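**Student:** So the chains spell out like this:
Number of protein chains: 2
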Amino acid sequence: MSKNPTIADVAREAGVSTATVSRTLNDPDRVKEPTRVAVQDAVNKLGYTPHFGGRILASNRTNTVGAVIPTMENAVFAHGLQTLQASLADMGITLLVATSSYDREHEEHQIRTLLARGVDGLALIGAERSAEIYALLDRREVPYVLMWTGGKADGHFTVGFDNDAAARQVVDKVVAAGHTKIAMIAGTTEGNDRAAERVAGVRAALAERGLPAPTIVEVPYQIEEGERAAAAFLSAAERPTVLICGNDVLAAGALRAARTHGVNVPDQISIVGFDDIDLARVVEPPLTTVRVPHRRMGTSAAQHLVEWMRTGVKPASILYRTDFIERASLGRPPK
Amino acid sequence: MSKNPTIADVAREAGVSTATVSRTLNDPDRVKEPTRVAVQDAVNKLGYTPHFGGRILASNRTNTVGAVIPTMENAVFAHGLQTLQASLADMGITLLVATSSYDREHEEHQIRTLLARGVDGLALIGAERSAEIYALLDRREVPYVLMWTGGKADGHFTVGFDNDAAARQVVDKVVAAGHTKIAMIAGTTEGNDRAAERVAGVRAALAERGLPAPTIVEVPYQIEEGERAAAAFLSAAERPTVLICGNDVLAAGALRAARTHGVNVPDQISIVGFDDIDLARVVEPPLTTVRVPHRRMGTSAAQHLVEWMRTGVKPASILYRTDFIERASLGRPPK
DNA sequence: ATGATAAATGTAAGCGCTTACAAGAATTAA
DNA sequence: TTAATTCTTGTAAGCGCTTACATTTATCAT
Numbered sequence: 233m234s235k236n237p238t239i240a241d242v243a244r245e246a247g248v249s250t251a252t253v254s255r256t257l258n259d260p261d262r263v264k265e266p267t268r269v270a271v272q273d274a275v276n277k278l279g280y281t282p283h284f285g286g287r288i289l290a291s292n293r294t295n296t297v298g299a300v301i302p303t304m305e306n307a308v309f310a311h312g313l314q315t316l317q318a319s320l321a322d323m324g325i326t327l328l329v330a331t332s333s334y335d336r337e338h339e340e341h342q343i344r345t346l347l348a349r350g351v352d353g354l355a356l357i358g359a360e361r362s363a364e365i366y367a368l369l370d371r372r373e374v375p376y377v378l379m380w381t382g383g384k385a386d387g388h389f390t391v392g393f394d395n396d397a398a399a400r401q402v403v404d405k406v407v408a409a410g411h412t413k414i415a416m417i418a419g420t421t422e423g424n425d426r427a428a429e430r431v432a433g434v435r436a437a438l439a440e441r442g443l444p445a446p447t448i449v450e451v452p453y454q455i456e457e458g459e460r461a462a463a464a465f466l467s468a469a470e471r472p473t474v475l476i477c478g479n480d481v482l483a484a485g486a487l488r489a490a491r492t493h494g495v496n497v498p499d500q501i502s503i504v505g506f507d508d509i510d511l512a513r514v515v516e517p518p519l520t521t522v523r524v525p526h527r528r529m530g531t532s533a534a535q536h537l538v539e540w541m542r543t544g545v546k547p548a549s550i551l552y553r554t555d556f557i558e559r560a561s562l563g564r565p566p567k
Numbered sequence: 233m234s235k236n237p238t239i240a241d242v243a244r245e246a247g248v249s250t251a252t253v254s255r256t257l258n259d260p261d262r263v264k265e266p267t268r269v270a271v272q273d274a275v276n277k278l279g280y281t282p283h284f285g286g287r288i289l290a291s292n293r294t295n296t297v298g299a300v301i302p303t304m305e306n307a308v309f310a311h312g313l314q315t316l317q318a319s320l321a322d323m324g325i326t327l328l329v330a331t332s333s334y335d336r337e338h339e340e341h342q343i344r345t346l347l348a349r350g351v352d353g354l355a356l357i358g359a360e361r362s363a364e365i366y367a368l369l370d371r372r373e374v375p376y377v378l379m380w381t382g383g384k385a386d387g388h389f390t391v392g393f394d395n396d397a398a399a400r401q402v403v404d405k406v407v408a409a410g411h412t413k414i415a416m417i418a419g420t421t422e423g424n425d426r427a428a429e430r431v432a433g434v435r436a437a438l439a440e441r442g443l444p445a446p447t448i449v450e451v452p453y454q455i456e457e458g459e460r461a462a463a464a465f466l467s468a469a470e471r472p473t474v475l476i477c478g479n480d481v482l483a484a485g486a487l488r489a490a491r492t493h494g495v496n497v498p499d500q501i502s503i504v505g506f507d508d509i510d511l512a513r514v515v516e517p518p519l520t521t522v523r524v525p526h527r528r529m530g531t532s533a534a535q536h537l538v539e540w541m542r543t544g545v546k547p548a549s550i551l552y553r554t555d556f557i558e559r560a561s562l563g564r565p566p567k
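Sequence lines, in order, name chains A and B. With the first letter of the first sequence counted as 1, position 139 gets the number 371 in my numbering; the numbers rise by one all the way through. With the first letter of the second sequence counted as 1, position 321 gets the number 553 in my numbering; the numbers rise by one all the way through.
Keep in mind the hints are simulated off the structure, nothing from the lab. Source: prediction; values computed, not measured. Backbone N, C-alpha and C define an ideal beta-carbon position, used for all residues, glycine too. Possibly wrong hints are sitting among the right ones.
Said to hold, decoys possible - A partial selection of chain B residues facing chain A, derived with a Cβ cut-off under 8 Å:
| id | residue |
| --- | --- |
| 1 | A310 |
| 2 | M323 |
| 3 | L327 |
| 4 | P452 |
| 5 | I455 |
| 6 | A484 |
To be verified - Which bits of chain B does chain A cover? Going by a derived footprint, with three or more residues having C-beta under 8 Å, they are:
| id | region |
| --- | --- |
| 7 | 276 to 289 |
| 8 | 345 to 351 |
| 9 | 511 to 524 |
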């Protein structure tokens, strides 16, 4: 008798019907004290746990939310995911995770897989994906939240910030510090609207000021890539006075390149990051960067997504502001 | 007609029975070419996706694995989780994640929740948990793998390394460099057998050499905690010549403390970390540390866990070796 | 007490899928 | 051609649970 006990076993043991057992478990108030106790005893005695499959087949809810993030290797997503998971757990919901490796097709595949698993809701990063996917989500009436993005994604429920505006703010500060020879080490923009918006923000802000268009290179978000790209800039004929990096990881790589090239930061070149992960405060000099509210995005995405799941009403999008954090890696340009 | 199509709809559309549809989807070889095509067409036309609940109710398998890790905030777990997830995805399995925040009870609760969700397998960190939980896993016959631990956990399927031995190795090297005044900033050992083993390894190795017992402080695995603990050591009357840290995060904090105290690393004090996360190569000076095979643990745990799930045969445990990575943060003691 | 109303419990019909078994079609050997 | 064998496909019985509806029991006003 290795078979797990079913609700019928419990009902028999407690001398009640299966409906009463179900009610005792899901909505105890609707059951009288003595009955409830009898059922609880039977449950304990038999070591009964409800069968997940039976439950969702009958109720058509899984109490599961799926998340697709680019990668857990970037601390900023790991942290966001962590708070998302914790907040959901508080509401009795578990999180299915999948990663896309910044690949659009792969992401869509993951979304489909999660849908097939019957997730009640989805958390996604960014807004840029095929119309089919959005159509699918619509048709299935699956609540979803787009994180790390704001404003641009009309019609969707987003919880994020304005990457473009944040990038402009970076330019403001960099220009205010006296820089005119500006270069950018951006993350790959293909299939990554956040990276693209950061590039666009930098471009636009410089153009509006009538400053020369910056040299921009795009690389994958990895330390070594940042290091390599920065090395190229450092040994270029016309060395820029500041490197605006697409995120802190790239900035950390740039910092390393500066060190190996014997170039002092910020005296000879300034470096600015984005995200404000722990790393930013650990490197030497500490990174000037943009603080992104990743934890608040996690909690609030969880809360409102669940609200949508429970009420059926799509919540209003939330736009957080970002803060420019000045640390030692940004200084005045050398003259 | 917002209702999703069912297997019966597909069967009707394709002019076959539901059994044939099921077979086409799960085991295409058992169905003739033309029938298969007809079913596929019907599936596409109707946009059918199998209902998860129905499927698991009937087959009693969820193709889901659950993982409970302490936190995603530590890169080393985030990376391990990432590879675990990717490997499982390759095998058509999705990952449910939960975090324990290094809390035993919380972890057990998460395990129970995952079991209730019908996971087919579990990946857990460390071996130290209540007998009841192990009894429960046994009774349910749920395959599970214990990661980040090795040797000590008899009877369980583990994929990991020997924390104790790795810690001894650190002592070897530190002593070889000439240090005798050794202190340790350990992670909290309560409910964390990995941290405890690292402490035990350091203690034992020193005792065997007849060296004085080290001063050991325990703090949560956070940069600020490492910084604070290191600050205390730095301004102590009898300053140690080397700080052995429970992980790289604590070591990074210690490095920061040294900088603010104007203490040169490694000339005036040496610092050693553990885990070899990216951080270790980014800080200045780069950290001497112990490299832990987190990616290989992820892939191999996934592979063998699935093997166990599919064959019902518990695999043999796997013990990886760790490498001591010498970088600039470890030098000879000042005289 | 009596009937009317409310609360507690039971009955039973699915939810969508897989799969053992049965039946029919195609292939092969004689 | 026929019987034996192998492939394909269909039939239908659950899998364990929730929930609409029916029934019984308790509560209350009269």
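**Student:** It remains to establish, for every hint, whether it holds in the given structure.
**Tutor:** Results for each hint:
no.: 1; hint: A310; verdict: holds, 4 Å
no.: 2; hint: M323; verdict: violated, 12 Å
no.: 3; hint: L327; verdict: holds, 6 Å
no.: 4; hint: P452; verdict: violated, 14 Å
no.: 5; hint: I455; verdict: holds, 6 Å
no.: 6; hint: A484; verdict: holds, 5 Å
no.: 7; hint: 276 to 289; verdict: holds (count 10)
no.: 8; hint: 345 to 351; verdict: holds (count 6)
no.: 9; hint: 511 to 524; verdict: holds (count 5)
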